[in-house]
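Residues per chain are reported as follows:
There are 2 protein chains.
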Amino acid sequence: MTGAATRAAAGRSPSAGAERPEDAGDLLALDRAAQDLLFRAARTANTFTAEPVTEAQVRAIHDLVRYGPTALNAQPLRVLLLRSAAARARLLPHVSRGNRAKTAAAPLVAVLAADVDFHERLPELFPHQPKARDWLGDRAERVAQARFNAALQIGYLVVGVRAAGLAAGPMAGFDPTGVRQEFFPDGRHEVLLLMNIGRPGPQAWHDRLPRLDATEVITTL
Amino acid sequence: MTGAATRAAAGRSPSAGAERPEDAGDLLALDRAAQDLLFRAARTANTFTAEPVTEAQVRAIHDLVRYGPTALNAQPLRVLLLRSAAARARLLPHVSRGNRAKTAAAPLVAVLAADVDFHERLPELFPHQPKARDWLGDRAERVAQARFNAALQIGYLVVGVRAAGLAAGPMAGFDPTGVRQEFFPDGRHEVLLLMNIGRPGPQAWHDRLPRLDATEVITTL
Numbered sequence: 038m039t040g041a042a043t044r045a046a047a048g049r050s051p052s053a054g055a056e057r058p059e060d061a062g063d064l065l066a067l068d069r070a071a072q073d074l075l076f077r078a079a080r081t082a083n084t085f086t087a088e089p090v091t092e093a094q095v096r097a098i099h100d101l102v103r104y105g106p107t108a109l110n111a112q113p114l115r116v117l118l119l120r121s122a123a124a125r126a127r128l129l130p131h132v133s134r135g136n137r138a139k140t141a142a143a144p145l146v147a148v149l150a151a152d153v154d155f156h157e158r159l160p161e162l163f164p165h166q167p168k169a170r171d172w173l174g175d176r177a178e179r180v181a182q183a184r185f186n187a188a189l190q191i192g193y194l195v196v197g198v199r200a201a202g203l204a205a206g207p208m209a210g211f212d213p214t215g216v217r218q219e220f221f222p223d224g225r226h227e228v229l230l231l232m233n234i235g236r237p238g239p240q241a242w243h244d245r246l247p248r249l250d251a252t253e254v255i256t257t258l
Numbered sequence: 038m039t040g041a042a043t044r045a046a047a048g049r050s051p052s053a054g055a056e057r058p059e060d061a062g063d064l065l066a067l068d069r070a071a072q073d074l075l076f077r078a079a080r081t082a083n084t085f086t087a088e089p090v091t092e093a094q095v096r097a098i099h100d101l102v103r104y105g106p107t108a109l110n111a112q113p114l115r116v117l118l119l120r121s122a123a124a125r126a127r128l129l130p131h132v133s134r135g136n137r138a139k140t141a142a143a144p145l146v147a148v149l150a151a152d153v154d155f156h157e158r159l160p161e162l163f164p165h166q167p168k169a170r171d172w173l174g175d176r177a178e179r180v181a182q183a184r185f186n187a188a189l190q191i192g193y194l195v196v197g198v199r200a201a202g203l204a205a206g207p208m209a210g211f212d213p214t215g216v217r218q219e220f221f222p223d224g225r226h227e228v229l230l231l232m233n234i235g236r237p238g239p240q241a242w243h244d245r246l247p248r249l250d251a252t253e254v255i256t257t258l
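Here the protein sequences come in this chain order: Z and S.
Note that our numbering has the first sequence beginning at 38, numbered continuously upward.
Note that our numbering has the second sequence beginning at 38, numbered continuously upward.
Think of the hints as simulated: they come from the structure by calculation, not from any bench.
Note that the structure is a prediction, hence the values are computed from the model and not measured.
All C-beta atoms, glycine included, are put in the ideal place defined by N, C-alpha and C.
Incorrect hints may have been included.
What the hints assert, rightly or not - For the chain S half of the interface with chain Z, some residues (derived, Cβ under 8 Å), not all of them:
1) Gln72
2) Arg103
3) Leu129
4) Leu149
5) Leu173
Stated by the list, open to error - Beta-carbon label-pair distances, calculated as ranges:
6) Ala177/Z <-> Thr252/S: 37 to 43 Å
7) Ser133/S <-> Gly202/Z: 38 to 44 Å
8) Pro164/Z <-> Thr86/S: 25 to 31 Å
9) Thr91/S <-> Ala142/Z: 45 to 51 Å
As the list claims (entries may be wrong) - Stretch by stretch, here's where chain Z covers chain S in the computed footprint (C-beta under 8 Å, at least three residues):
10) 132-138
11) 158-172
12) 221-229
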């Protein structure tokens with residue numbers, strides 16, 4: 038999508054469809070409105086309206102994205118939602134200066150973490166391989182697996198937030214050690230990302246940044 | 038979704054919709070057919086038909102999912118597609134015994150890797166912050182960022198493969214060091230995951246494994 042087409046798309050409803058030179062989307066089974074809602078017209082938002090994000094919306098998003106696959110069906114992602122002013126105030130000192138105002142103002146802020154002791158649930162989640170729990174006795178290996186599979190799940194979650202008609206604002210600019218110590222003192226979680234969630238507000242985003250072409254990403258042997 | 042409902046859904050077209058007790062999906066902007074195609078009826082496939090996955094399909098998937106967000110817009114995911122018999126033969130010795138037959142038979146196998154030197158592209162990809170490249174002089178920090186953001190992109194890719202009406206078969210059961218040495222001898226890539234891609238074949242999956250409830254994943258403060 039060219040910059041001009043992106044700017045045009047950004048000014049429309051996500052479901053309205055954007056004019057675009059290529060017709061690659063015609064090869065997909067997913068209809069154009071859904072392509073736009075989830076990817077083509079969806080954007081990372083930096084401002085939000087005051088409209089609340091309800092618990093029912095959060096549960097609907099989870100009910101969709103929980104079906105995304107993870108290795109050993111381990112599902113290590115854990116989501117801490119900061120709703121109250123008191124909880125938000127505990128987060129802000131650990132957020133980079135440039136992300137602080139929008140994080141304070143967003144209707145909902147999610148702290149996205151990985152449960153490093155996810156293996157304890159494997160007897161329920163991966164029952165046909167009773168030894169799976171024992172494969173994961175090494176904590177460093179579990180941290181790596183938890184981080185990777187939770188990151189996959191965050192990818193699904195970005196899509197799920199957009200599927201709810203909301204905008205996601207993922208943020209890596211914060212102190213993960215500080216956030217972990219503040220909210221996960223049990224020591225069994227790794228904090229991976231923050232995500233503001235809400236309806237996009239005025240001037241919610243800049244022009245879309247360039248994306249790599251297929252020729253730069255894909256090699257065929 | 039209960040086991041019985043999952044079995045019912047698995048026997049239908051992904052877009053046909055599955056009966057389900059909850060109505061959480063009604064709260065989403067994404068229509069039911071798309072919810073089913075991407076998440077509710079979509080499954081990790083272990084068998085595939087012989088129908089080829091075309092280069093045009095691969096490009097259409099990339100053209101959709103490349104809009105998914107990454108930190109610093111860095112887009113570190115690189116995709117190596119193994120089409121030829123010769124290329125496939127180079128991979129199989131590094132794949133775990135249980136994954137070998139399906140990897141040999143899949144219409145297409147993708148090796149999903151992260152470019153550890155992604156920062157070299159930041160002057161083009163994140164042009165409003167010319168110093169971003171210099172923030173990433175430390176290789177260990179780059180490896181962590183490349184792995185995390187490429188994993189997010191793999192989450193988008195799973196959704197994109199399904200958006201094309203295809204099934205994804207992500208596999209962690211392989212030797213990443215062996216695959217890296219075989220296919221990425223330049224030393225600037227980390228191999229993260231393998232993914233078979235194609236139309237699901239006979240008995241492509243077992244019953245769906247249990248998913249965690251919202252109450253087990255989400256905490257609100």
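Against the structure, the hints come out as follows:
1. Gln72: holds (6 Å)
2. Arg103: Check passed: Cβ of Arg103/S comes within 4 Å of chain Z, closer than 8 Å.
3. Leu129: Since the shortest Cβ distance to chain Z is 14 Å, the answer is violated.
4. Leu149: violated (11 Å)
5. Leu173: This interface hint is violated because 12 Å lies over the 8 Å limit.
6. Ala177/Z <-> Thr252/S: 37 to 43 Å: Given a distance of about 30 Å, which is not inside 37 to 43 Å, the answer is violated.
7. Ser133/S <-> Gly202/Z: 38 to 44 Å: About 41 Å separates the Cβ atoms of Ser133/S and Gly202/Z, which means 38 to 44 Å holds.
8. Pro164/Z <-> Thr86/S: 25 to 31 Å: holds (29 Å)
9. Thr91/S <-> Ala142/Z: 45 to 51 Å: Once the Cβ atoms are compared, 46 Å apart, the range 45 to 51 Å for Ala142/Z and Thr91/S holds.
10. 132-138: It is violated: at least three residues are needed, and the stretch 132-138 of chain S offers just 0 whose Cβ sits closer than 8 Å to chain Z.
11. 158-172: Result for this restraint: holds, n = 6.
12. 221-229: violated (count 1)
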